[in-house]
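S.K.: Sequences are here, hints too, so could you generate the full structure?
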Amino acid sequence: MSNILIVDDDKAFLLSLADGLISNDPDFQVFTAGNGKEALDVLQSTKIDLVVTDIKMPEMDGFQLLSYISKNYKGIPVIVITAFGTPEIENEIQKRGSFQFLEKPLDFNILEEKISEGLKAKLKGYVKGISLSSFIQVLGMEGASCTLTVKSKEKAGYLYFFNGVLIDADFGDKKGEEAAYDIIVWDDVEIEIERKSSKREKEINMSLNHIIMEAHRRMDENKNKQDDRIVLENNTGHFLNSQFKEENMNIKKLQDAIKILKDDLGDGLLATDVWMSTDGQPIAGYNSQPKACALFNRITLQMNRTLKDSGFPLLGQYYLLDLADKKRVIILPLGDYMWGMLIDGTITPLGLILNIALPKVIDAFESAITG
Amino acid sequence: MGARLEKIFSVVEEKAGNNGRIKLAQLTKVSKAHAKEMNDDPEVVANFKRIASEILGKNIDEFLR
Chain A
1 MSNILIVDDD
11 KAFLLSLADG
21 LISNDPDFQV
31 FTAGNGKEAL
41 DVLQSTKIDL
51 VVTDIKMPEM
61 DGFQLLSYIS
71 KNYKGIPVIV
81 ITAFGTPEIE
91 NEIQKRGSFQ
101 FLEKPLDFNI
111 LEEKISEGLK
121 AKLKGYVKGI
131 SLSSFIQVLG
141 MEGASCTLTV
151 KSKEKAGYLY
161 FFNGVLIDAD
171 FGDKKGEEAA
181 YDIIVWDDVE
191 IEIERKSSKR
201 EKEINMSLNH
211 IIMEAHRRMD
221 ENKNKQDDRI
231 VLENNTGHFL
241 NSQFKEENMN
251 IKKLQDAIKI
261 LKDDLGDGLL
271 ATDVWMSTDG
281 QPIAGYNSQP
291 KACALFNRIT
301 LQMNRTLKDS
311 GFPLLGQYYL
321 LDLADKKRVI
331 ILPLGDYMWG
341 MLIDGTITPL
351 GLILNIALPK
361 VIDAFESAIT
371 G
Chain B
372 MGARLEKIFS
382 VVEEKAGNNG
392 RIKLAQLTKV
402 SKAHAKEMND
412 DPEVVANFKR
422 IASEILGKNI
432 DEFLR
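Residue numbers (this note's numbering), protein chains in the order written: chain A, 1 to 371; chain B, 372 to 436.
Hints are computed from structural coordinates only; laboratory data are not their basis. Computed from a prediction, not measured in an experiment: that's the story for all the values here. Where a beta carbon is used, it is the ideal one built from N, C-alpha and C, also for glycine. Some hints here could point you the wrong way.
Okay, the calculated beta carbon distance ranges per label pair [stated by the list, open to error]: (1) A/L320 - B/P413: 20 to 28 Å; (2) B/A374 - A/L320: 31 to 39 Å; (3) A/L295 - B/P413: 44 to 52 Å; (4) B/A417 - A/F312: 27 to 35 Å; (5) A/I260 - B/A374: 23 to 31 Å; (6) B/A404 - A/L352: 18 to 26 Å; (7) A/K151 - B/D432: 37 to 45 Å.
Think about it this way: if two alpha-carbon atoms lie no more than 30 Å apart in a straight line, the pair counts; the simulated BS3-like pairs of lysine-lysine are [to be verified]: (8) B/K378 - B/K420; (9) A/K74 - B/K400; (10) A/K252 - B/K394; (11) A/K308 - B/K400; (12) B/K400 - A/K259; (13) A/K308 - B/K394; (14) A/K120 - A/K11; (15) A/K259 - B/K394.
M.R.: What follows is the structure, encoded as structure tokens:
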């Protein structure tokens with residue numbers, strides 16, 4: 001028995017839909033709600049397997065309901081009753097998203113088909129929360145003005161809509177289109193919706209459809225790059241980015257340099273990476289931490305820019321961050337490259353790193369860069 | 372053996388850190404360790420000084436006196 005919740009403020013439509021579904025498939029148990037608020041009561045009191053919802057409703061509309069589901073019921077498939085977007089976007093969203101659109105007036109057979117598909121996907125574990133792409137596509141179609149706060153895995157970003165147009169986005173140091181490209185492809189999102197757009201300056205000049213398509217294209221491109229990274233020695237955690245082709249870099253010698261560091265610091269070396277400062281992508285490392293590479297690349301470039309602008313001397317041999325839990329991060333700017341290492345300070349004394357290990361690895365790196 | 376080349380490396384390293392040292396090695400295709408072992412051939416020294424001056428944004432002769 002599957003529990004289906006249908007949410008619509010048109011009572012006659014709601015009842016005919018419920019009757020039709022039950023009579024066509026006795027395995028469906030249908031619950032109804034006249035708006036988002038009533039739907040919450042049902043969700044809180046009953047184990048619902050799938051939600052079918054309209055967008056425009058009094059008290060609490062479909063967006064607010066989707067937002068609530070994104071936070072509290074990540075595994076529930078949702079079918080939204082609204083107008084379709086472009087066929088390209090529809091395909092894109094159906095490929096990736098967890099909810100689908102249906103046009104009013106509803107074709108009952110199609111609705112039933114979509115419900116069956118949604119339930120099957122849930123059973124197979126395909127549904128992983130509300131897809132942000134789908135959500136903002138509906139916002140666009142409905143001409144909504146609002147600010148979305150999007151959270152995913154300790155990240156938070158903001159999307160600003162005015163009359164259904166995405167006008168700006170914020171994520172960390174990024175603004176406008178670049179921030180939107182990042183945010184739109186986050187998965188497992190929690191979406192908070194504030195019904196008025198707090199920013200009205202239009203910073204994004206691309207259409208919402210274009211932004212969604214481009215965001216997914218970039219994500220696919222990055223994923224392909226990640227897939228191409230081969231793990232050379234799984235048991236030791238060493239890796240080398242197979243896409244990295246630098247004429248002047250002797251990769252074998254670079255790996256030797258990493259091995260020298262590992263041999264000198266032993267278990268005190270928790271992770272290390274060498275990356276290009278142009279893109280923050282690691283090219284070789286041990287227990288590689290790509291996110292940390294991107295972060296410290298940004299920090300280091302920003303630090304050097306700020307020092308330069310302030311008339312201070314630039315970074316010299318290295319900089320060191322003493323982190324909580326006696327962890328230490330040491331970053332070495334090395335021309336077009338950077339070398340970062342995470343050290344367990346309870347195991348490895350600073351003197352050993354600075355006076356013994358670093359001079360050796362810099363020599364070894366220099367040897368690698370000169371071929 | 373390579374005293375002048377080694378001195379150029381040392382000055383660049385002192386004034387521009389590892390960044391400078393690695394850039395110098397990258398552009399000359401010579402490591403500091405190797406530079407110590409090379410002869411101070413006038414042409415090679417001139418090339419090193421030109422590249423080092425570019426890296427430092429100043430004529431390296433100011434620091435070699």
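S.K.: Each of the hints needs a verdict: does it hold here or not?
M.R.: Here is how each hint holds up against the structure:
no.: 1; hint: A/L320 - B/P413: 20 to 28 Å; result: violated (41 Å)
no.: 2; hint: B/A374 - A/L320: 31 to 39 Å; result: holds (33 Å)
no.: 3; hint: A/L295 - B/P413: 44 to 52 Å; result: holds (46 Å)
no.: 4; hint: B/A417 - A/F312: 27 to 35 Å; result: holds (32 Å)
no.: 5; hint: A/I260 - B/A374: 23 to 31 Å; result: holds (27 Å)
no.: 6; hint: B/A404 - A/L352: 18 to 26 Å; result: holds (22 Å)
no.: 7; hint: A/K151 - B/D432: 37 to 45 Å; result: violated (58 Å)
no.: 8; hint: B/K378 - B/K420; result: holds (10 Å)
no.: 9; hint: A/K74 - B/K400; result: violated (55 Å)
no.: 10; hint: A/K252 - B/K394; result: holds (20 Å)
no.: 11; hint: A/K308 - B/K400; result: holds (28 Å)
no.: 12; hint: B/K400 - A/K259; result: holds (23 Å)
no.: 13; hint: A/K308 - B/K394; result: holds (18 Å)
no.: 14; hint: A/K120 - A/K11; result: holds (28 Å)
no.: 15; hint: A/K259 - B/K394; result: holds (23 Å)
In the structure shown, a violation is registered for the earlier hints numbered 1, 7 and 9, in ascending order.
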